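S.K.: Take a look at the letters that make up each chain.
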Amino acid sequence: MSEDDERATDLSGGGIVSSNRTRCCGGSVASDCPSQFPDQVLENVLENVLLFLTSRRERNTVSLVCKSWYRLEKQTRSELFIGNCYAVSPRRAIERFQKILSLVLKGKPRFADFNLVPLNWGAHFTPWVTAMAEAYPWLEKVYLKRMSVTDEDLALLAQSFPGFKELVLVCCDGFGTSGLALVASKCRQLRVLDLIDDDVMDDEVDWISCFPETGTCLESLIFDCVECPVNFDALEQLVARSSSLRKLRLNRHVSIGQLHRLMVQAPQLTHLGTGSFSSAGDPAQGDQELDLISDFAASKSLICLSGFRDILLDYLPAIHPVCANLTSLNFSYASINAEQLKPVICHCHKLQTFWVLDSVCDEGLQAVAATCKDLRELRVFPMNPSEDSDSPVSEVGLLAISEGCRQLRSILYFCQQMTNAAVVAMSKNCPDLVVFRLCIMGRHLPDHLTGQPMDEGFGAIVMNCNKLTRLAVSGLLTDKAFSYIGKYGKLVRTLSVAFAGDGDMGLRYVLEGCPKLQKLEIRDSPFGDSALFSGLHHYYKMRFLWMSSCQLSRSGCKEIAQRMPRLVVEVIRDRVEEEMDDAVEKLYMYPSLEGPRDDAPKFVTIL
Amino acid sequence: MESTVTYESDLNLKATELRLGLPGTDEYEKQTPPSVRSNKRSLPDIIEESDTGDREAPVTKAQVVGWPPIRSYRKNSFQPKKIEAEATGIYVKVSMDGAPYLRKIDLKVYKGYPELLKALENMFKFTIGEYSDREGYTRSEYALTYEDKDGDWMMVGDVPWDMFMSSCKRLRIMKGSEARGLGCAV
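Top to bottom, those sequences are chains A and B. When you line the first sequence up against UniProt numbering, it's residues 1 to 607, in that order. When you line the second sequence up against UniProt numbering, it's residues 1 to 186, in that order.
Take these hints with a grain of salt, some might be off.
Stated by the list, open to error - Subject to a maximum C-alpha distance of 30 Å in a straight line, what follows is the list of computed DSS-like cross-link-like pairs (lysine-lysine):
{"hint": "1", "chain 1": "A", "residue 1": "602", "chain 2": "B", "residue 2": "104"}
{"hint": "2", "chain 1": "B", "residue 1": "125", "chain 2": "B", "residue 2": "93"}
{"hint": "3", "chain 1": "B", "residue 1": "125", "chain 2": "B", "residue 2": "104"}
{"hint": "4", "chain 1": "B", "residue 1": "108", "chain 2": "B", "residue 2": "175"}
{"hint": "5", "chain 1": "B", "residue 1": "75", "chain 2": "B", "residue 2": "118"}
{"hint": "6", "chain 1": "B", "residue 1": "75", "chain 2": "A", "residue 2": "247"}
{"hint": "7", "chain 1": "A", "residue 1": "141", "chain 2": "A", "residue 2": "541"}
{"hint": "8", "chain 1": "A", "residue 1": "602", "chain 2": "B", "residue 2": "149"}
{"hint": "9", "chain 1": "A", "residue 1": "602", "chain 2": "B", "residue 2": "93"}
{"hint": "10", "chain 1": "B", "residue 1": "75", "chain 2": "A", "residue 2": "342"}
{"hint": "11", "chain 1": "B", "residue 1": "169", "chain 2": "A", "residue 2": "602"}
Treat the hints as calculated values from the structure; they're not laboratory data. Keep in mind that this is a model prediction, so the values were computed, not measured.
Can you make the complete structure from the sequences, with help from the hints?
M.R.: Laid out in structure tokens, this is it:
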């Protein structure tokens, strides 16, 4: 779940500001009448209206109007969104909001996904689940992203919330199949168990067998990231007794033969992750011809297809019956080339989301551009994620996509080489872009045709795409690129920078120019202390700032910490001897109502 | 402030070349500001590219941590069988106290401790000191240490070469009062 589709201002931002407001409105309606009646009516009306208000941004705004609105809003809020688990403590959140049914909690900075944050840094779910076990007995939904979750946490969750319905864990770690078994067996009302890109330990527990035996409420079961085999017979029976199941994403240990058996049980699926899509490891399969095409033909509701972890190309044509209905197709684990993609993609007229590997080459992307006129989101991942490999996709593919898919909102594109011209063309052809993430894998690579820095390309993106909220830059970039971002990127909330810029001015342009900036992550760029000081006016409005391998000094960061008392300034060390340095290798700072956290490991120093 | 450096259309080796030397002895493109007394420059780990024009055996750049930004879960899906040590050699970082840059060496290149020592002495322009049978290395300003798999700092030379190769994670050439009299065990 990306926030790029929603609007910003999470709890911490709202919380810090609203606690200072004491403005109060009195009986603004019928001022002639001195009795309490109009106030009571007003409150009832508001309370009922607020029940319909779900957007957290709007709720935060409501809570700022006056004390009575603040009170009513907090009594009626049912979804708690915490964008940074350290911005506010469980106790404080529980004191303000007493009737929470749904929690969204995010932990580690995104660069943790790329091994830049040492293990055991933090973001523990334990204090949250412990506090909520007492405070929110009616909790129904928990969504965690980049949190450390233990089996004990899952055990506590499973036993504390009798009405628990949805558990979604994204990029989490610290738990294993034993924790899953507890959730499966004790959460009798469970509708959703979605495990996405988690690191799940193999405790050799048959968790699939732990679901209630007399039918389940399951609507969504996603476990494609679980790397250990599951008991297939138990899975087949589970699917058979889960009549509400609509979303099923299997892991790579499910063979194509097993997929067939499951599809027969569940023709009502809307979302399917096919597992391995090969017969490897399945002795029963042998040379049998699978009638997979009938299974797909029978899946009339299928709109989202993924998986294909070890794809057996012979069976790829089996998916043709569903292509015309697909709105989302994820081939990002399937090494297929352009010729193999074309017969599939030519049917996918309704496709809105497409994830693919660069093995399809520019030619494959041209085929996508020719058919998928309603494409909103494209992600092209590298088969060989290194800097020296050949370049199967390039500016040619990007240009083709921009010309064919004018409705594009979001793109993530990995390539070895790029040109400014193609990026400029995309900025003009796809003006509705909200997310533009281009990763030229060779560091500091210029436009490979002109030899120029990539400044003009990214400049055009921020200039022409007026709705842009998320940007990731790459390639050779001078401070000019950042001046463009600062000048035109007025809605940019998330910015990722790596190996870019000439000096402090680059960062200053951004900090001084982008009023909506919430999440800034920078690595290996020559920004120093004075650049950091130029953002003092803005840091309290941000979710976080990450800077690693830049040119920051401990003394500079310490001064920031002293000047900004509600900012937590963490210096993260990789090695013990770095403690003697004045240079700061990794800086992570964020506003918080709580001050320095008490669970910081030894390699983190809070200034 | 516009940069006047022209950019070549290829790898721009000049900009990423690492050299060891005293500050001021060579031009740097990016100076660390004087207020930062760092003895380590924050650059990603890069092997120095061989300067020969010979393109028969291109040197592969070492992979930088976390780059390209792909989640390890996704990376592992395609390279589950690749064992890095076999494919690319055993590269370890070498730091020397007081030097602004670290270096990287491939331990596989050396047959034993004497070669390693010689290579390091050449690379960093130092000597490990006089050796006498009675007192070991004396009057040495330097000590050669390494970090092993357990995270402990050990003196180089105590264990057999093969064991050292498999357990050495990084090297550190200590200097100054800490190092005096320690030398190394080779």
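S.K.: Each hint needs a verdict: does it hold in this structure or not?
M.R.: The hints, checked one at a time:
1. A threshold of 30 Å between alpha carbons decides the hint, and for residue 602(A) with residue 104(B) the separation of about 27 Å falls inside it, so the pair holds.
2. Only pairs whose Cα atoms come within 30 Å are accepted, and residue 125(B) paired with residue 93(B) is accepted, the gap being roughly 17 Å.
3. With a C-alpha separation of about 15 Å, the suggested pair residue 125(B) and residue 104(B) falls inside the 30 Å cut-off, and the hint holds.
4. About 26 Å separates the Cα atoms of residue 108(B) and residue 175(B), which keeps this hinted pair within 30 Å; it holds.
5. This hinted pair does not check out: residue 75(B) and residue 118(B) have alpha carbons roughly 38 Å apart, beyond 30 Å.
6. Taken as a hint, the residue 75(B) and residue 247(A) pair is honoured in the structure, with Cα atoms around 25 Å apart against an allowance of 30 Å.
7. Taking the CA atoms of residue 141(A) and residue 541(A), the gap is about 28 Å. The hint holds against a cut of 30 Å.
8. The straight-line distance between the Cα atoms of residue 602(A) and residue 149(B) is roughly 19 Å, inside the 30 Å bound, and the hint therefore holds.
9. Of the supplied pair hints, the one linking residue 602(A) and residue 93(B) holds, its CA atoms being roughly 23 Å apart against a limit of 30 Å.
10. A hinted pair counts as satisfied when its Cα atoms are at most 30 Å apart, and residue 75(B) with residue 342(A) qualifies at roughly 25 Å.
11. Restraint check: the Cα-Cα separation between residue 169(B) and residue 602(A) comes to about 21 Å, which is no more than 30 Å; the hinted pair holds.
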